[in-house]
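A.B. asks: For reference, the chains in residue letters:
Number of protein chains: 2
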Amino acid sequence: MKRKGIAAEREILHKFWQNGWACIRVAGSGSSCYPSPDLLAGNKIKKVAIECKVINDTKKYFPLEEVEQLKKFSEMFGAQPWVAVKFSNKEWYFLTLEDLEETKSQFVVSIKTAELRGLLFEEFIDLMK
Amino acid sequence: MKRKGIAAEREILHKFWQNGWACIRVAGSGSSCYPSPDLLAGNKIKKVAIECKVINDTKKYFPLEEVEQLKKFSEMFGAQPWVAVKFSNKEWYFLTLEDLEETKSQFVVSIKTAELRGLLFEEFIDLMK
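Those protein sequence lines, which keep their order, are chains A and B.
As numbered in our numbering, residues 26 to 154 make up the first sequence, in order.
As numbered in our numbering, residues 26 to 154 make up the second sequence, in order.
Mixed in with the good hints, there may be bad ones.
Stated by the list, open to error - Computed beta-carbon distance windows for the label pairs: (1) Lys29/A / Glu100/B: 28 to 36 Å; (2) Ser57/B / Lys97/A: 21 to 29 Å; (3) Pro88/A / Ile70/B: 29 to 37 Å.
Unchecked claim - If you want the footprint, here are the derived chain B segments under chain A, 3+ residues with CB under 8 Å: (4) 39-48; (5) 95-106.
In short, the hints are calculated from the structure, not lab data.
Since this is a predicted model, take the numbers as computed values, not measurements.
Backbone N, C-alpha and C define an ideal beta-carbon position, used for all residues, glycine too.
With the rest of the complex left out, here is chain A (with noise of 0.2 Å):
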């Protein structure tokens, strides 16, 4: 699983540099005492912190922790946050922390909502311009 996600952050990585943005992996994101997103990518002017998720279901749940988190580490950082969703045999659909949904004690994010909110990387690398 952890394979997994090093290769889908890859697969993000890869389309940032493509399009003439600076990206970087983050070493130890989860693990660290200190907040810190998957992926850090940067042009001279925008620097996005970004939650990547491959997901094996028709739902993603994010503990209210790691939203906070994402939210901290941006806000320090300067730093617009985003989280990027991959659901089987659909494309990576990248949403704002205002496009999932609150429940009392966590985040959602189904297909649906991805489908609906979410931008395909072309639109969210074209928003950042």
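With the hints as your guide, set chain B onto chain A.
C.D. replies: Chain B alone, transformed into the frame defined by chain A:
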């Protein structure tokens, strides 16, 4: 040696967080197919890309390529490129690429240059304000 390098990177990472900056270690820096620094730090306004070196000698040689890559990454990402060096029994010194001495085939930093031109972390972080 790799473990020593990671420990050194973590030392600087902690300093940034203690000073209200967000900082991450870059996964696979040095082995990635894209240019990438060891550390990326940022606050709401500034971003810095840092190459860290622990040195068991009186001089440290940087291949031209390594410096070029740091410069290229920093330009693309929109960050300032810095080098942090730690000689035995000395503090961390932060140097800009202009502080490095250029020879035909590489860049050099001696203990003397580090002490003369380098900034201690506290001086470096003050400069960034």
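A.B. asks: The structure should be examined with respect to each hint, and the outcome stated for every one.
C.D. replies: Status of the hints after comparison with the structure:
| no. | hint | result |
| --- | --- | --- |
| 1 | Lys29/A / Glu100/B: 28 to 36 Å | holds (33 Å) |
| 2 | Ser57/B / Lys97/A: 21 to 29 Å | holds (27 Å) |
| 3 | Pro88/A / Ile70/B: 29 to 37 Å | holds (31 Å) |
| 4 | 39-48 | holds (count 5) |
| 5 | 95-106 | holds (count 6) |
Of the numbered hints stated above, none is contradicted by the structure.
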